[in-house]
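Got two chains here, separate frames each, mind docking them using the hints?
As you go down the protein sequences, you meet chains A and B in turn. When we follow this note's numbering, the leftmost residue of the first sequence carries the number 21, and every step to the right adds one. When we follow this note's numbering, the leftmost residue of the second sequence carries the number 24, and every step to the right adds one.
No wet-lab data here; the hints were simulated from the structure. Here the structure is a predicted model, which means the values were calculated and not measured. Where is the CB? At the ideal position from N, CA and C, for every residue including glycine. Mixed in with the good hints, there may be bad ones.
Claimed, not checked - Pairwise CB distance ranges (calculated):
no.	chain 1	residue 1	chain 2	residue 2	range
1	B	199	A	143	41 to 51 Å
2	B	158	A	149	47 to 57 Å
3	B	142	A	48	44 to 54 Å
4	B	40	A	214	23 to 33 Å
5	B	309	A	214	16 to 26 Å
6	A	143	B	87	16 to 26 Å
7	A	219	B	220	25 to 35 Å
8	A	143	B	99	28 to 38 Å
9	B	90	A	40	50 to 60 Å
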Amino acid sequence: MKYMTSSAGVPGITPWQDTWYKLSTNHIAVAGLLVLIILITGAVFAPLIVFHDPHEQYTDILLAPPFWHEDSKPGFILGTDDLGRDIFSRLVYGARYSLFLGFVIVCLSLLVGVAVGAIAGMKRGVIEAVILRMMDIMLAIPAILFAIVIVAILGASLFNAALAVSIVLLPHFVRITRAAVITEMSKDYVLASKLDGSKGWLLFFRVLLPNISAPLIVQSTLSFSNAILDIAALGFLGLGAQPPTPEWGALLSASREFIETAPWTVTLPGLAILITVLASNLLGDGLRDALDPRIDQS
Amino acid sequence: MSELLEARSISKAYQIKSGLLGTAVTSVLHDISFKLGSGQILAVVGESGSGKSTLARQVVMLEQPDSGEMFLEGIPYASCSDLHQRIRMIFQNPIASLNPRKRVYQLLEEPLINYKNLSRSERDDIIYQTLEQVGLDRDQSQLYPHMFSGGQRQRVAISRALVLQPRVIVADEAVSALDVSVQAQILNLMMDLRDELGTSWFFITHDISVVNVIADRVMVLYAGRVMETGSVKQVLETPAHPYTQKLLRSVPVAGNTRALINGDLSTAGDVITSASSCVYWNKCPLADSRCVESVPPMINLDNRLVACFKAG
Chain A
21 MKYMTSSAGV PGITPWQDTW YKLSTNHIAV AGLLVLIILI TGAVFAPLIV
71 FHDPHEQYTD ILLAPPFWHE DSKPGFILGT DDLGRDIFSR LVYGARYSLF
121 LGFVIVCLSL LVGVAVGAIA GMKRGVIEAV ILRMMDIMLA IPAILFAIVI
171 VAILGASLFN AALAVSIVLL PHFVRITRAA VITEMSKDYV LASKLDGSKG
221 WLLFFRVLLP NISAPLIVQS TLSFSNAILD IAALGFLGLG AQPPTPEWGA
271 LLSASREFIE TAPWTVTLPG LAILITVLAS NLLGDGLRDA LDPRIDQS
Chain B
24 MSELLEARSI SKAYQIKSGL LGTAVTSVLH DISFKLGSGQ ILAVVGESGS
74 GKSTLARQVV MLEQPDSGEM FLEGIPYASC SDLHQRIRMI FQNPIASLNP
124 RKRVYQLLEE PLINYKNLSR SERDDIIYQT LEQVGLDRDQ SQLYPHMFSG
174 GQRQRVAISR ALVLQPRVIV ADEAVSALDV SVQAQILNLM MDLRDELGTS
224 WFFITHDISV VNVIADRVMV LYAGRVMETG SVKQVLETPA HPYTQKLLRS
274 VPVAGNTRAL INGDLSTAGD VITSASSCVY WNKCPLADSR CVESVPPMIN
324 LDNRLVACFK AG
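The following block holds chain B by itself, in its conformation from the complex (with noise of 0.2 Å):
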């Protein structure tokens, strides 16, 4: 069986003017591949800077890759008329992506207007059940953005992706700027959907305790390549790369703080890209010359892809 969302190896760079003629040319993303499932939550971590976001563009198709392909069950992005109806985004912060103009209900409305034949009596009703499927009463529907609390708001940007039903969702750093209690409940509310609905996650973070909770599949992106990838279980229990050791040595712990203060400050330091090294090696405990003269190849470890050479 194929699967639900599929990306071959694609890769962006970005042109910046620099002077008056000269153009520089940086490359975000480098070769990444990936595959999603059906009712899968695919977690893809990094830091600031790692191209988590500009993935995030590739796969709604804000954007499109330099190179590489992107597949949503098995059809080629480029011959998906659909697309932007079966894979919807939820961006990191609703005040600033959700209208303040608008009324949740006149949200909700617009994708089912642009998208949808319906009659207003049919879009009355998708638009209440949608906003009961994420907790919030249909009197609510007249109020604006701002009348809510975060929680809230999320929520009114989680429905205006469900709107129109979709496969995927992909969720920008969604939970990001809550605080940890209604944190919880948005991620409860997004294991619910997928659970009820099968509707598959594409969910960004750089919050590795947040993996452990909801994800089934994790990808760890470092300077826009992928460092390893696999099931949360077994990447966060057992990880191979020497980059998702720091990141899962980094997480704060409470009553832990000597944790923190062992989180390497000896790799503070500038990202490196060469076409012909390892983008980690400036900073990995473990880097010999060998790291810096070749791109370590994706190895297969049990199931799971390892781009190091001391990986198994």
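Okay, chain A solo, but in the shape it has when bound (with noise of 0.2 Å):
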């Protein structure tokens, strides 16, 4: 990275190729990159990968261990679990409500925070005051543990889970969209823009926008990871999808027991979390240095 060279400002390259460019040079981005394609190809086309029905029970072989096991089962290279379901096949058609479920909490978030956000740096004065206290408020308590209530209060399902995680991911993105704003609400161009006629939401969608998108996007991406441990996390406390749902963090919650006897029904589904998580994690620190201004300089 230390001789990443910046296209900025070459001749017929535009920002958005000049950012695939520069994250194309950083290699454990783009590998991050792959893993989740990878990922959600095969969300996608779970039916067709998987060779057996996540919710069938083969009650003949219980707990079978993984394909380098030599007591392992031909059919089932992942082994099955308590009640002889293939774990494969679960863990497949898991990532379909891990990925779906994070993309759709972190456009929850997003949409709803940037417009929070841009509201408080558009307006100022008592409005931004008070959206910014209760995003403090939001923030000062544990974002786990403000799940746990929201979903309490809502009524333990994934739905509500999604919905709470949302809610606690928002203060980020309220706050990152407020200082973005308020950034380039100083400069020439939104002024000039003024004096073109552009206001209020026009002025914020057309001209601000494509400027402040690229904090928006890193954040995106690393919520992504966010949103993806804590529902895995509320599905383990069993508050979020509920046991035949082969969600990941169900999966590891109805497999703990059984730790010591088949560690891998516990070990898989809590190794696909942390690819998950990590790939995306390792995508949004690429995007950050690619996308980030500053960086460019130095």
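As structure tokens, this is what we get:
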């Protein structure tokens, strides 16, 4: 990374091409992106990949070990759980829940957070103070505790868990948007756009948003991993996905008692969570480097 | 005939928070009047902090003056609904004033979409025609601002001002960031546009040599007050105000190092603004007790105005 060259200012290169160029020179971030693409493809084409229905119970093969073990059963490459269900199938179908929920949660948080942050940054004054203090209060409560409280109020279900996690992630988006809007508002090009007749939401969407998208994209990828982690945590606590659902956190929780007799039933869902979170964090860090103009100058 | 643009004794002060509860008031513009005729170029000169940019913000109605009135074609600003279309502004630094995420076409399209109700092809025609007027190709309309050179970027900024066919363009230090050869091209472009389209320019600069090239009339500002105003020929050839004289002496001339050294070191010191004395008295070589005790009025000296007791 030390010798990374910048293509900013080179004729013929649009801002997005420049970002892509810088990201492509960062091998770790590209690796993260590839892993995410593989995971997403796997989740989308799950029925074509797996050999078994994730809910089907093979009662004659309970707790079969994965393929590297001598007692493994053919056809069950990652073994089976305590009810004889194929772990590989459950993990692949679980990716659907985790990735889809992560995506929905980030979209919801981003949408509401950007709107609220934009109001705070553009209106200033009392409205800004009220919004910021509310966000401070939300940040003062530990994230998972806050999510548990919300789910406890709304009732335990996957949908409510997703809602709770998006509320927990909201303050970051609000604060980032507000800070970026305030920085951009003081620049000449915004003044010029005001003279050109753009104001209010028009000014925000057409003029400001393209210029503050960089920190928002970075925060979105990082929040994506947080969302997956929090959803899994709620699932593990029994507050998110309910038992037959092959959600990764719920898988962990269901096989908790077999950690000594059949450690793969716990390790494999944990590994799936780890890989997904790691990949999206690496991509997020790479995007931060590629999009941050300050790193450009050094 | 009424003037195209007229300011009648406008003043502007800003409140600055000091300490917990206190607010201090700084007067930035004080009793400024000027007239700008159709197709004229009025240069406003002064050092940094003299209120040039604040004046520009009043002229384009980004801010309202505290007192005084502005008129466009004899109509007060308050009753001019299409003011932002008829008075346009060019900023000092085109890199900062052109949205980095927009193509040139989108930049020129923005005011047309907001102010005019035109079809896509009508907008196309206006945009390409405007680009041609400032010497850019229509192919270049699909480029981003960072893909241009400094001079071209300022051409983009000018085309953006021109696209609404304004009567007046306010140029706030529009050529100061350019190197000299490019500066000359842009100044020529401005004068060509004045001749072809009859656009009036409110041209703010700190560079007297630019004034000499481009302007018809000049207004010298110091500490938010008009020191001297008149035709360029009069003011630059026979400056009547001690401050104008000092400004002209400080202009660096190639091969003349002496002039620079002679450029008054004695004038270092803060600006002291007081309601009851000349703002320039503490730096003025001619100042006497009268300058400290009372504010000099505007004296009319063969069609130019000078704010000095000693003039004439």
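For each hint, the structure was consulted:
| no. | hint | in the structure |
| --- | --- | --- |
| 1 | 199/B with 143/A: 41 to 51 Å | violated, 34 Å |
| 2 | 158/B with 149/A: 47 to 57 Å | holds, 50 Å |
| 3 | 142/B with 48/A: 44 to 54 Å | holds, 50 Å |
| 4 | 40/B with 214/A: 23 to 33 Å | holds, 24 Å |
| 5 | 309/B with 214/A: 16 to 26 Å | violated, 44 Å |
| 6 | 143/A with 87/B: 16 to 26 Å | holds, 20 Å |
| 7 | 219/A with 220/B: 25 to 35 Å | holds, 28 Å |
| 8 | 143/A with 99/B: 28 to 38 Å | holds, 30 Å |
| 9 | 90/B with 40/A: 50 to 60 Å | holds, 54 Å |
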